[in-house]
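J.: Here is how the chains run, residue by residue.
Protein chains: 2
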Amino acid sequence: MGRQGLGAAEQLRAALGDDMVSTDAAVIARYCQDWHGDVTSSALALLRPRSTQEVSQAVRLCAELGLGVVPQGGRSGLALGAVPDAPEAQVALSLERMDRIRSLNARDFTATVEAGVVLEAFKTKVSEAGLYFPVALGAQGTCQIGGNVSTNAGGVNVLRYGMTRELVLGLEVVLPDGRVLDLLSRLRKDNRSLDLKQLFIGAEGVLGVVTAVSFKLMPAPDQVATALLALDTLDDVIELYRVARRQCCDLMSAFEFMPASAFALAREGIPDLALPLDPAHRAYALVELSGSGLVDIEALLAQFLELAMEEGLVRDGVVAQSKAQARNIWLVREGMNEGQARRGKHLRTDLSVPLSELAAFVAEAEAAVERALPGAVCVSYGHVGDGNVHLNVLPNAAAAETVDQQIDRAKTVLNEVLDRYDGSISAEHGLGRLKKADFAARASSVHSELLERIKRAIDPASTMNPGCQFDLRVDRTGAE
Amino acid sequence: MGRQGLGAAEQLRAALGDDMVSTDAAVIARYCQDWHGDVTSSALALLRPRSTQEVSQAVRLCAELGLGVVPQGGRSGLALGAVPDAPEAQVALSLERMDRIRSLNARDFTATVEAGVVLEAFKTKVSEAGLYFPVALGAQGTCQIGGNVSTNAGGVNVLRYGMTRELVLGLEVVLPDGRVLDLLSRLRKDNRSLDLKQLFIGAEGVLGVVTAVSFKLMPAPDQVATALLALDTLDDVIELYRVARRQCCDLMSAFEFMPASAFALAREGIPDLALPLDPAHRAYALVELSGSGLVDIEALLAQFLELAMEEGLVRDGVVAQSKAQARNIWLVREGMNEGQARRGKHLRTDLSVPLSELAAFVAEAEAAVERALPGAVCVSYGHVGDGNVHLNVLPNAAAAETVDQQIDRAKTVLNEVLDRYDGSISAEHGLGRLKKADFAARASSVHSELLERIKRAIDPASTMNPGCQFDLRVDRTGAE
Numbered sequence: 001m002g003r004q005g006l007g008a009a010e011q012l013r014a015a016l017g018d019d020m021v022s023t024d025a026a027v028i029a030r031y032c033q034d035w036h037g038d039v040t041s042s043a044l045a046l047l048r049p050r051s052t053q054e055v056s057q058a059v060r061l062c063a064e065l066g067l068g069v070v071p072q073g074g075r076s077g078l079a080l081g082a083v084p085d086a087p088e089a090q091v092a093l094s095l096e097r098m099d100r101i102r103s104l105n106a107r108d109f110t111a112t113v114e115a116g117v118v119l120e121a122f123k124t125k126v127s128e129a130g131l132y133f134p135v136a137l138g139a140q141g142t143c144q145i146g147g148n149v150s151t152n153a154g155g156v157n158v159l160r161y162g163m164t165r166e167l168v169l170g171l172e173v174v175l176p177d178g179r180v181l182d183l184l185s186r187l188r189k190d191n192r193s194l195d196l197k198q199l200f201i202g203a204e205g206v207l208g209v210v211t212a213v214s215f216k217l218m219p220a221p222d223q224v225a226t227a228l229l230a231l232d233t234l235d236d237v238i239e240l241y242r243v244a245r246r247q248c249c250d251l252m253s254a255f256e257f258m259p260a261s262a263f264a265l266a267r268e269g270i271p272d273l274a275l276p277l278d279p280a281h282r283a284y285a286l287v288e289l290s291g292s293g294l295v296d297i298e299a300l301l302a303q304f305l306e307l308a309m310e311e312g313l314v315r316d317g318v319v320a321q322s323k324a325q326a327r328n329i330w331l332v333r334e335g336m337n338e339g340q341a342r343r344g345k346h347l348r349t350d351l352s353v354p355l356s357e358l359a360a361f362v363a364e365a366e367a368a369v370e371r372a373l374p375g376a377v378c379v380s381y382g383h384v385g386d387g388n389v390h391l392n393v394l395p396n397a398a399a400a401e402t403v404d405q406q407i408d409r410a411k412t413v414l415n416e417v418l419d420r421y422d423g424s425i426s427a428e429h430g431l432g433r434l435k436k437a438d439f440a441a442r443a444s445s446v447h448s449e450l451l452e453r454i455k456r457a458i459d460p461a462s463t464m465n466p467g468c469q470f471d472l473r474v475d476r477t478g479a480e
Numbered sequence: 001m002g003r004q005g006l007g008a009a010e011q012l013r014a015a016l017g018d019d020m021v022s023t024d025a026a027v028i029a030r031y032c033q034d035w036h037g038d039v040t041s042s043a044l045a046l047l048r049p050r051s052t053q054e055v056s057q058a059v060r061l062c063a064e065l066g067l068g069v070v071p072q073g074g075r076s077g078l079a080l081g082a083v084p085d086a087p088e089a090q091v092a093l094s095l096e097r098m099d100r101i102r103s104l105n106a107r108d109f110t111a112t113v114e115a116g117v118v119l120e121a122f123k124t125k126v127s128e129a130g131l132y133f134p135v136a137l138g139a140q141g142t143c144q145i146g147g148n149v150s151t152n153a154g155g156v157n158v159l160r161y162g163m164t165r166e167l168v169l170g171l172e173v174v175l176p177d178g179r180v181l182d183l184l185s186r187l188r189k190d191n192r193s194l195d196l197k198q199l200f201i202g203a204e205g206v207l208g209v210v211t212a213v214s215f216k217l218m219p220a221p222d223q224v225a226t227a228l229l230a231l232d233t234l235d236d237v238i239e240l241y242r243v244a245r246r247q248c249c250d251l252m253s254a255f256e257f258m259p260a261s262a263f264a265l266a267r268e269g270i271p272d273l274a275l276p277l278d279p280a281h282r283a284y285a286l287v288e289l290s291g292s293g294l295v296d297i298e299a300l301l302a303q304f305l306e307l308a309m310e311e312g313l314v315r316d317g318v319v320a321q322s323k324a325q326a327r328n329i330w331l332v333r334e335g336m337n338e339g340q341a342r343r344g345k346h347l348r349t350d351l352s353v354p355l356s357e358l359a360a361f362v363a364e365a366e367a368a369v370e371r372a373l374p375g376a377v378c379v380s381y382g383h384v385g386d387g388n389v390h391l392n393v394l395p396n397a398a399a400a401e402t403v404d405q406q407i408d409r410a411k412t413v414l415n416e417v418l419d420r421y422d423g424s425i426s427a428e429h430g431l432g433r434l435k436k437a438d439f440a441a442r443a444s445s446v447h448s449e450l451l452e453r454i455k456r457a458i459d460p461a462s463t464m465n466p467g468c469q470f471d472l473r474v475d476r477t478g479a480e
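Chains as they are written, first to last, in the UniProt record's numbering: chain A, 1 to 480; chain B, 1 to 480.
There may be inaccurate statements among the hints.
Note that identical chains are pooled: a pair holds if it fits in a single copy or bridges any two copies.
Stated by the list, open to error - Below, simulated SDA-like cross-link-like pairs (lysine to any residue); rule was C-alpha separation at most 25 angstroms, straight line: (1) 216 / 239; (2) 345 / 398; (3) 345 / 223; (4) 125 / 338; (5) 123 / 219; (6) 345 / 370; (7) 323 / 132; (8) 323 / 334; (9) 216 / 390; (10) 345 / 13; (11) 123 / 137; (12) 123 / 37; (13) 216 / 235; (14) 125 / 330; (15) 411 / 41; (16) 411 / 103; (17) 123 / 162; (18) 123 / 247; (19) 216 / 161; (20) 323 / 178.
Please keep in mind that the hints were generated in silico from the structure rather than gathered at the bench.
Work out the full structure, taking the sequences as your base and the hints as a guide.
T.: So, in structure tokens, the structure goes:
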């Protein structure tokens with residue numbers, strides 16, 4: 001650590017106090033690695049403020065010292081958005097101590113919650129009030145609300161409830177100069193001026209620090225019906241989705257697809273997992289309907305499945321008869337991620353294409369990878385209704401190329417196919433530091449320039465999460 | 001018209017051609033008044049481009065000439081966002097000739113449509129493809145898609161499908177310097193970088209000209225059930241909404257409230273209107289459920305109404321037995337607007353408060369108006385699920401104060417009450433030129449400054465819809 005760095009860390013500690021500032025290298029290290037442990041880094045200091053006021057003080061001081069601020073939630077992001085990349089010039093700012101639910105109003109169907117609240121804890125509190133917060137994803141026991149908003153988190157319920165963005169009614173943000181922008185709101189409709197809060201949603205902290213969020217909530221779905229279905233092809237899965245979208249109307253809350261390899265991978269992740277279905281088919285769909293009140297969700301699912309059988313789309317299937325059986329079905333979906341993780345370092349992607357082209361894209365992309373990397377294994381699964389596929393590639397251990405080389409090549413091959421489909425390299429994970437170059441190579445010059453203008457307008461000294469999303473020339477004099 | 005103005009108009013005509021440019025005062029006048037005819041204005045010229053390329057040429061030339069550009073759709077806006085306010089320094093830019101549906105993809109549930117397409121025409125085309133575009137409002141036979149997006153239009157189906165913003169997948173925008181920003185997309189999920197399109201939605205043209213939009217679509221609801229219910233109080237209406245929200249789950253597409261005076265006003269607007277219900281109750285709710293496929297919407301409404309009767313919330317009611325009867329019920333809601341218009345100039349508002357405070361707010365606000373303006377008539381109606389009330393005030397013709405004085409005072413009185421409820425002065429209509437001062441008086445300095453920074457970052461010379469939303473000092477040298 002250089003002298004200049006040391007001086008800045010000391011100044012932080014002196015001004016902000018030992019409770020907020022940690023310079024213990026071991027502690028910092030824990031906050032400076034990615035979710036899978038593929039990337040490790042460090043930072044000048046770890047700041048853990050307890051209030052908006054403390055975040056404001058910390059950010060203001062960092063601006064004065066010219067230090068980059070890397071905001072962090074549960075650090076389960078998959079695009080390196082929260083991993084510092086310039087250890088002597090950046091601090092990690094964890095929001096984990098801002099963990100209060102400020103209000104929960106069942107009569108308004110709204111809640112206001114601080115950035116550091118863990119998603120699952122929030123969902124539980126909301127559920128205890130007879131309501132529902134629909135963002136649902138594998139990392140929900142770890143990820144935090146501020147991160148969900150800053151990455152515009154997706155997950156398995158997007159097809160019904162939208163991304164996190166669509167649930168946000170208001171935000172509180174600490175701006176790069178330390179000032180607090182209070183846009184919290186319980187209003188469901190508000191067309192006053194430009195909708196500034198939209199800029200900070202999905203911004204991965206490059207424009208400021210989200211410290212609190214107002215959300216809209218739904219009535220708790222007291223009926224949930226879950227089925228796992230076997231089909232012949234991904235084309236059939238997509239056709240089944242279209243039928244379900246119309247027949248089940250707005251009562252479908254999840255429609256996931258998985259390959260046959262899901263079962264073996266899930267068993268690798270969860271060895272004692274009971275397989276809910278014969279794993280010998282080529283494609284699987286996980287369908288969930290849910291609702292509250294007078295609708296009969298179980299009957300709806302039964303009717304829908306009857307129709308799907310009549311249309312010849314479904315080869316085999318199981319309907320959960322209990323919450324435990326439903327959980328078991330979801331464990332296949334979750335276990336396959338764990339199984340992939342146990343295979344070691346691999347390429348994780350988060351691609352989207354138009355729904356009508358999903359099957360063609362996956363077929364073409366998998367074929368291209370297999371041609372380029374014989375022996376590598378493609379695992380394609382994801383959110384059908386959103387046209388979002390996680391097409392992962394597990395390298396071939398016996399190949400001459402290293403794992404990293406194979407990952408790089410697989411990514412290049414996939415992105416080439418994706419470009420022909422006008423797809424997105426990041427459907428739900430964000431750009432972070434991982435995908436910024438691939439994005440920059442694809443964005444039009446008008447688009448890139450406008451993004452830079454916005455960044456410079458709000459963060460002229462580029463101290464907010466520098467290196468994330470953008471590679472800007474930084475003017476440390478602070479003058480515009 | 002000054003010499004300088006004439007010169008600019010001639011330059012426009014010479015460069016853009018007679019087909020695009022009109023300087024006929026009578027034609028211009030038609031494009032320079034508000035929806036109700038309360039405000040009339042003029043402009044240097046009327047530009048009617050036929051393509052994105054022509055919009056680009058026009059905007060670029062106006063930037064070079066230092067002319068303000070006021071984009072227009074169907075001119076049914078209620079906040080003067082499309083009415084020029086500096087006739088010699090501004091042109092009106094009508095998008096009405098850009099009226100193509102570029103694509104409609106039933107397999108993707110998406111469409112891409114130009115800004116000048118009339119909302120109703122788009123809804124019809126979408127419906128012919130077995131799909132549904134949910135934005136629905138009184139002016140839908142006139143308003144255009146570009147205006148819907150630029151005002152983030154609301155309407156009667158927001159509680160189920162969200163504002164226009166939530167339906168937008170992508171945009172094509174001509175920037176203030178004439179360059180085209182192409183963010184059109186058929187992707188349902190895309191977390192690449194800052195979501196720039198959000199800035200232009202609801203921006204009322206102050207950052208650029210929306211020329212085309214990609215939307216997500218829904219399956220057509222082939223079942224619709226409509227009821228008009230009589231209740232004792234607005235409190236009961238709101239309680240009924242809460243019951244309906246839970247019991248009917250996500251299958252409720254409209255829940256409007258109306259006062260008893262709705263019937264008399266509707267009769268003034270539509271003299272031969274058959275009243276679907278005894279008009280002697282104090283509060284009314286218009287409830288619509290809809291869906292497609294296997295759900296039984298009629299049965300759901302019947303079950304819900306039974307429950308509502310049991311809970312003692314509903315005093316009287318009628319369920320439409322045909323499309324004609326449903327239309328008749330909606331005509332009360334639409335006719336009351338027409339009836340108000342026939343009473344002459346009056347205060348129209350578009351307020352929102354948290355749902356739980358809607359009844360208290362309306363009671364307090366109406367009492368305050370009646371105290372301040374004896375003999376004036378309050379007409380409160382709107383979108384319960386959104387906490388959005390149009391609390392209109394019809395002046396007392398026999399009062400000593402003029403109509404304009406009464407309107408001003410009623411607005412001041414209402415806004416004072418609204419401020420105590422942390423409400424919005426514009427839930428769905430936008431700020432335009434009508435509400436910018438009231439907004440500026442209420443926004444925090446941090447908020448205002450950030451809005452200005454965004455405006456200056458994208459439109460440094462402030463040529464895009466000058467005078468709308470902002471009152472900025474304009475630097476005509478174009479230097480930042």
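J.: So, for every hint listed, does it hold in this structure?
T.: Hint check results:
Proximity of residue 216 to residue 239 under the C-alpha cut-off of 25 angstroms is restricted to the inter-copy arrangement: shortest distance 18 angstroms between copies versus 32 angstroms within a copy. In the homo-oligomer, the alpha carbons of residue 345 and residue 398 lie at most 25 angstroms apart inside one protomer (14 angstroms), although the nearest pairing across protomers, at 81 angstroms, exceeds that limit. Neither within a single protomer nor between protomers do residue 345 and residue 223 lie at most 25 angstroms apart by alpha-carbon distance, with minima of 39 angstroms and 51 angstroms respectively. Taking identical chains as interchangeable, the C-alpha atoms of residue 125 and residue 338 are never at most 25 angstroms apart, the minima being 27 angstroms within one chain and 46 angstroms between chains.
Proximity of residue 123 to residue 219 under the C-alpha cut-off of 25 angstroms is restricted to the intra-copy arrangement: shortest distance 12 angstroms within a copy versus 30 angstroms between copies. In this assembly of identical chains, the alpha carbons of residue 345 and residue 370 lie at most 25 angstroms apart only when taken from the same copy (18 angstroms versus 71 angstroms across copies). Taking identical chains as interchangeable, the C-alpha atoms of residue 323 and residue 132 lie at most 25 angstroms apart only when both belong to the same chain, with a minimum of 17 angstroms there against 35 angstroms between chains. Taking the shortest Cα distances, residue 323 and residue 334 sit within 25 angstroms of each other inside one copy (16 angstroms), while across copies they are farther apart (47 angstroms).
For the identical chains of this complex, residue 216 and residue 390 are inter-copy neighbours only, at 22 angstroms across copies versus 28 angstroms inside a copy, given an alpha-carbon limit of 25 angstroms. Taking the closest pair of Cα atoms, residue 345 and residue 13 never come within 25 angstroms of each other, the shortest separation being 37 angstroms inside a single copy and 63 angstroms across copies. With identical chains, the CA atoms of residue 123 and residue 137 are at most 25 angstroms apart within one copy only, with a shortest distance of 12 angstroms there and 35 angstroms across copies. For the homomeric pair residue 123 and residue 37, neither the shortest alpha-carbon distance inside one copy (27 angstroms) nor that between copies (50 angstroms) is at most 25 angstroms.
For the identical chains of this complex, residue 216 and residue 235 are inter-copy neighbours only, at 21 angstroms across copies versus 35 angstroms inside a copy, given an alpha-carbon limit of 25 angstroms. In this assembly of identical chains, the alpha carbons of residue 125 and residue 330 lie at most 25 angstroms apart only when taken from the same copy (22 angstroms versus 40 angstroms across copies). With identical chains, the CA atoms of residue 411 and residue 41 are at most 25 angstroms apart within one copy only, with a shortest distance of 23 angstroms there and 57 angstroms across copies. In this assembly of identical chains, residue 411 and residue 103 lie within 25 angstroms of each other by CA distance neither inside one copy nor across copies; the values are 44 angstroms within and 31 angstroms between.
For the identical chains of this complex, residue 123 and residue 162 are neighbours both inside a copy (16 angstroms) and across copies (22 angstroms), given an alpha-carbon limit of 25 angstroms. Taking the closest pair of Cα atoms, residue 123 and residue 247 come within 25 angstroms of each other only across two copies (21 angstroms); inside a single copy the shortest separation is 29 angstroms, beyond that limit. When the C-alpha separation of residue 216 and residue 161 is checked against a cutoff of 25 angstroms, the pair qualifies both within a copy, at 11 angstroms, and between copies, at 14 angstroms. Taking the shortest Cα distances, residue 323 and residue 178 never come within 25 angstroms of each other, neither inside one copy (47 angstroms) nor across copies (57 angstroms).
This entry does not satisfy hints 3, 4, 10, 12, 16 and 20, going by the numbered hints stated previously.
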